[in-house]
Amino acid sequence: MSQTRPISERLIFWLPFAWLVLFFLVPFLIVVKISLSQAALSQPPYEPVLTMVDGWDGLLSKLAGLSLTSYDLLIEDGLYLAAYASSLRLAALATCLTLLIGYPLAYAIARAPVGWRASLLLLAVAPFWTSFLIRVYAWIAILKDEGLLNWALMTVGIISEPLQIMASDTAVLIGITYAYLPFMVLPLYSSIERQPVALREAAADLGASPWSIFWRITVPLSRAGIVAGCLLVFIPAIGEFVIPDLLGGSQTLMIGKSLWVEFFDNRDWPMASSVAVVLLILLVLPMALYERAQMAQVRS
Amino acid sequence: MNKPPLITLDSVTKRYGAVVAVDTVSLEIDAGAFFALLGPSGCGKTTLMRLIAGFETPDEGRILIDGEDMAGVPPHLRPVNMMFQSYALFPHMDVASNIAFGLVQARMPKPKIKARVADLLDLVQLKGFEARKPDQLSGGQRQRVALARALARNPRLVLLDEPLAALDKKLREETQFELMRVQRELGTAFLVVTHDQDEAMVMAQRIAVMRSGRIEQIGTPLMIYEEPATRFVAGFIGDANQLEGTVVETGQGLCSVELAKGARVTARGASVNGAKVVVMVRPEHMQLGGAGLPGLVLDCAYRGDMQMIRVELLGGGIVRVASFGVQAQAMLQRGSQVMVSFAPQFARVLPS
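Going line by line, the protein sequences match chains A and B. Residue 159 in my numbering sits at position 159 of the first sequence, and the numbers go up by one each step. Just remember that my numbering sits 300 ahead of the position in the second sequence, which is counted from 1.
Bound conformation, chain A alone (with noise of 0.2 Å):
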């Protein structure tokens, strides 16, 4: 019974949920109510803007003064739905690129000998110790037309014109990818480095191949690695925005780009909000589904 715990108790459960009402919740509302509302020349720069100075009745003309117009130019505009499947193309992308780069990764040093494995982490994370923009600009002294890169593969001979790789596509996914590897690295590595070693021997010893153990036993076990790795990417992946504005060209549509240019730009923040709401429903709503099934499957 709720009455007989101590408040202490009750203090542990409430106080996350306060913290997410306060600072999730309430913050997600207000951009919600900006979303509908219209753009004006005015401190802030939207209306109406909810007060109660003309009373309750004051407050409910405004309330009826809020409209889904910004939402109608989303869909009607093409250019915004074209950034959100560019956002989700390249996202997905440089997930499945992260996966593949960091499960051998990440399986390596899960297998190296344990006294090894806490320095191999260490260094999979450590460019986490240099400012994120730095490094994305030194992406741009390797990738440019003179840089390191195309410098590397002429002397060697591979080629003989400079590749234009930066302001691309991929040059933004080359950063994404290269960015995000260590939050995919991570969850891989503790799923992996936790797996009985009896498994494997057991399987070896039914007749299982290092290969057909590596497929049957190894990457199922760490299903729950690659799922929080994938989302650990593809999520944050989607709104980027200093990757693409630094590595990515003109022509390189990103969403979190584009709210960039609503907010700061054109100042429109009612599209920029609506732009932000749709971003938002367009994440949870298959992490929600995700979660259903989940469930399901533990209740089966």
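One should not assume that every hint holds.
[Unchecked claim] Computed footprint of chain A on chain B; a stretch qualifies when at least three of its residues, placed anywhere within it, have a C-beta under 8 Å from a C-beta of chain A:
#	region
1	402–411
2	526–537
[What the hints assert, rightly or not] Partial list, derived from the structure: chain B residues whose beta carbon lies under 8 Å from chain A:
#	residue
3	Pro375
4	Asn381
5	Phe384
6	Arg449
7	Arg453
[Unchecked claim] A few chain A residues that don't get close to chain B, going by computed Cβ distances all over 10 Å:
#	residue
8	Pro45
9	Lys62
10	Ser131
11	Leu149
12	Trp151
13	Gln164
14	Leu221
The hints are simulated quantities; they were obtained by calculation from the structure and are not laboratory data. Built from N, CA and C at the ideal position, the CB exists for glycine as well.
We have chain A already, so just place chain B on it with the hints.
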């Protein structure tokens, strides 16, 4: 009799750095045998089993299965299967898939796999559990799935690593007989690794007693109990009273041994005059009364079917005497003076 043994270990040695885990071990296991490797933890018995399974490679010596040298043969190509101490069931697969794992690897056709899995579930009495995941099973059920999985490929030899260690006491006894029944029905050779002497005595036809990497004795449970080759074996299997002394006379397979303070006893065994030896007598072969060694009753534990009486000998040392049937309790008061005697044929002379 000319049939070659199923498994032959020929002077197998395995070292980990400076530690010799298995030290020039030679032994043979016949097809269809129930063999136990018995020893305290750290004696090398698990390493020996892992050498046979192929998870470790010997530094010296050869391992032959069916006369074929196993050097360089990886675990997945050896005709032996192992039941792990932790069972090592695959947590993401149901019972049927766990048992079928080795059959799928062997590319057995699907209908045959299904039939084989059904047979095995029958054998281990787990019908109807096909779709359960390992975490939905009790410890005893998991043990039986692990056994069925190890048997699925029809191996020549099944290695069982402490098969009963994870079970509670009551289940352990049932499972012992269960393992014996399965082994008898299939005729597959079983090699059980255990630190529990009762387990080994009950189940195995032959036992190898190991100690710090070496085999102390190989024999039937009867031989190992009645005719232990060393002090260690005598002490490790069952209760043993050990009286230290010096051989003063030998002849006709008997030795006369002078104990400390001059008392003399006669025991079976070969030795030479002047040798420092131990006379080993099981508690159930000692009696109170008769002509023997004088002592004082220390305490007396009533165990229903018998009494275990501890006697401090006047000549030094404490012996345990098992007394079956009804005895006058009054006689066995603490401190009462008694004589402890035993027949020479039940006493053995062992090297000290």
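A quick look at each hint next to the structure:
Look at the region 402–411 of chain B against chain A: 3 of its residues bring a Cβ nearer than 8 Å to a Cβ of that chain, three or more, so the hint holds. Here the region 526–537 of chain B counts 0 residues with a CB under 8 Å from a CB of chain A, which misses the bar of 3, and the coverage is violated. A hinted interface residue such as Pro375 of chain B counts as satisfied when its beta carbon comes closer than 8 Å to some beta carbon of chain A; here the least separation is about 4 Å, so the hint holds. At a threshold of 8 Å, the smallest CB-CB gap from Asn381 of chain B to chain A is about 6 Å, leaving the interface hint in force.
The interface hint given for Phe384 of chain B is met, as the beta carbon of that residue sits about 5 Å from the closest beta carbon of chain A, less than 8 Å. With 8 Å as the threshold, the beta carbon of Arg449 of chain B comes within range of chain A, its nearest partner Cβ sitting at about 7 Å, so the hint holds. Proximity of Arg453 of chain B to chain A holds as hinted, the smallest CB-CB distance being about 7 Å (cut-off 8 Å). A cut-off of 10 Å between C-beta atoms confirms that Pro45 of chain A is not in contact with chain B; the least separation is 54 Å.
At roughly 56 Å, the least C-beta separation between Lys62 of chain A and chain B is larger than 10 Å, which holds for a residue marked as non-interface. In this structure Ser131 of chain A is separated from chain B by more than 10 Å, as the shortest Cβ-Cβ distance comes to about 41 Å. The Cβ of Leu149 of chain A lies farther than 10 Å from every Cβ of chain B, with a closest approach of about 41 Å, so its non-interface assignment holds. Trp151 of chain A, annotated as away from the interface, keeps every beta carbon of chain B farther than 10 Å; the closest lies near 46 Å.
For Gln164 of chain A, the requirement that its beta carbon stay farther than 10 Å from each beta carbon of chain B is met, with the minimum near 46 Å. Non-interface call for Leu221 of chain A relative to chain B: violated, since the shortest CB-CB distance, roughly 6 Å, does not exceed 10 Å.
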